[in-house]
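Chemist: Using the sequences provided together with the hints, build the complete structure.
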Amino acid sequence: MTAITFELYANLARLAGAREVRLDAGTGIVTVADAVALLARAKPELAASLDRCACVAGDTIVRRADAMPADGRLALLPPVAGG
Amino acid sequence: MAHPVLSHTPIAIEPLLELDAHPDCGGLALFVGTVRDHHEGRGVTHLAYTAHEPLAEKVIREVEDATRRRYNVPYVRIVHRLGDLAIGDTAIACVVRAAHRAEAFEACRHAVDAVKHTAPIWKEEFYADGSSAFVEGCCIRDDLDGATPHAHGHPSHASHG
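Each protein sequence line maps, in turn, to chains A and B.
Letter by letter, the first sequence follows residues 1 to 83 of the numbering used here.
Letter by letter, the second sequence follows residues 84 to 244 of the numbering used here.
No wet-lab data here; the hints were simulated from the structure.
No residue lacks a Cβ here, since even glycine has one placed at the ideal position from N, Cα and C.
Please note: incorrect hints may appear among the correct ones.
Below, in silico cross-link-like pairs of lysine to any residue (SDA-like), each with a Cα-Cα straight-line distance of 25 Å or less [to be verified]:
#, chain 1, residue 1, chain 2, residue 2
1, B, Lys-141, A, Glu-7
2, B, Lys-141, A, Ala-67
3, B, Lys-141, A, Thr-60
4, B, Lys-141, A, Gly-58
5, B, Lys-141, B, His-86
Simulated coverage check for chain A against chain B, where a stretch passes if three residues somewhere in it have a Cβ under 8 Å from a Cβ of chain B [to be verified]:
#, segment
6, 10-20
7, 48-54
8, 63-77
Modeler: Put into structure tokens, the structure is as follows:
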């Protein structure tokens with residue numbers, strides 16, 4: 001995987017000033033947790049919010065221990081408040 | 084095509100009721116959540132709802148199915164509004180048709196709570212002083228600190244609803 005695209009929602013997008021962040025993955029990014037750690041290093045302003053985010057590939061929640069999805073896209077969903 | 088559960092335009096309640104169907108049902112429970120003009124003491128002028136739409140659609144359909152099974156009711160319909168809403172606009176509608184009123188009320192309450200707590204939808208409130216904030220919500224990560232799926236970790240029930 002050469003690049004990872006993070007989709008940001010709600011206050012995460014506001015903190016980053018962008019709906020998407022694209023990062024070069026380099027080597028060593030195997031799991032979802034690896035990718036989230038990469039994002040925290042690249043965007044320190046998001047770091048404190050990432051622990052309470054769910055990670056989603058397509059329409060499915062993935063766990064930190066899961067392998068990164070093959071397409072390199074990961075959505076980060078902060079705590080929800082519908083209704 | 085399956086019925087819509089997310090709507091970028093105002094929600095029409097009447098078509099959701101299916102009053103010309105379900106002759107086996109003697110109870111209809113309807114909850115409509117509307118935009119309120121205050122939150123924790125601050126004046127609210129309007130709201131914006133955003134969602135991760137693919138997962139939100141899936142979650143809401145799962146809530147409908149699970150509610151039908153759990154309460155043994157034939158009809159559960161939920162629609163959540165997205166986009167910019169004014170005070171008084173409908174944010175969410177939930178209709179349950181059931182044989183009797185008790186399970187209609189219970190199923191309706193359960194379904195609305197489940198959507199609030201699990202569907203990836205966010206509410207940004209805009210205040211009278213020109214500022215805005217996302218309402219504190221429920222963490223839907225299911226592998227935090229070894230927690231069981233959907234551990235219910237949010238600070239304040241008073242902060243939403």
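Chemist: Taking the hints in turn, state whether each one holds.
Modeler: Cross-check of the supplied hints:
| no. | hint | result |
| --- | --- | --- |
| 1 | Lys-141(B) with Glu-7(A) | holds (18 Å) |
| 2 | Lys-141(B) with Ala-67(A) | holds (22 Å) |
| 3 | Lys-141(B) with Thr-60(A) | holds (9 Å) |
| 4 | Lys-141(B) with Gly-58(A) | holds (11 Å) |
| 5 | Lys-141(B) with His-86(B) | holds (12 Å) |
| 6 | 10-20 | holds (count 3) |
| 7 | 48-54 | holds (count 4) |
| 8 | 63-77 | holds (count 5) |
Violated hints are absent here; each numbered hint is respected by the structure.
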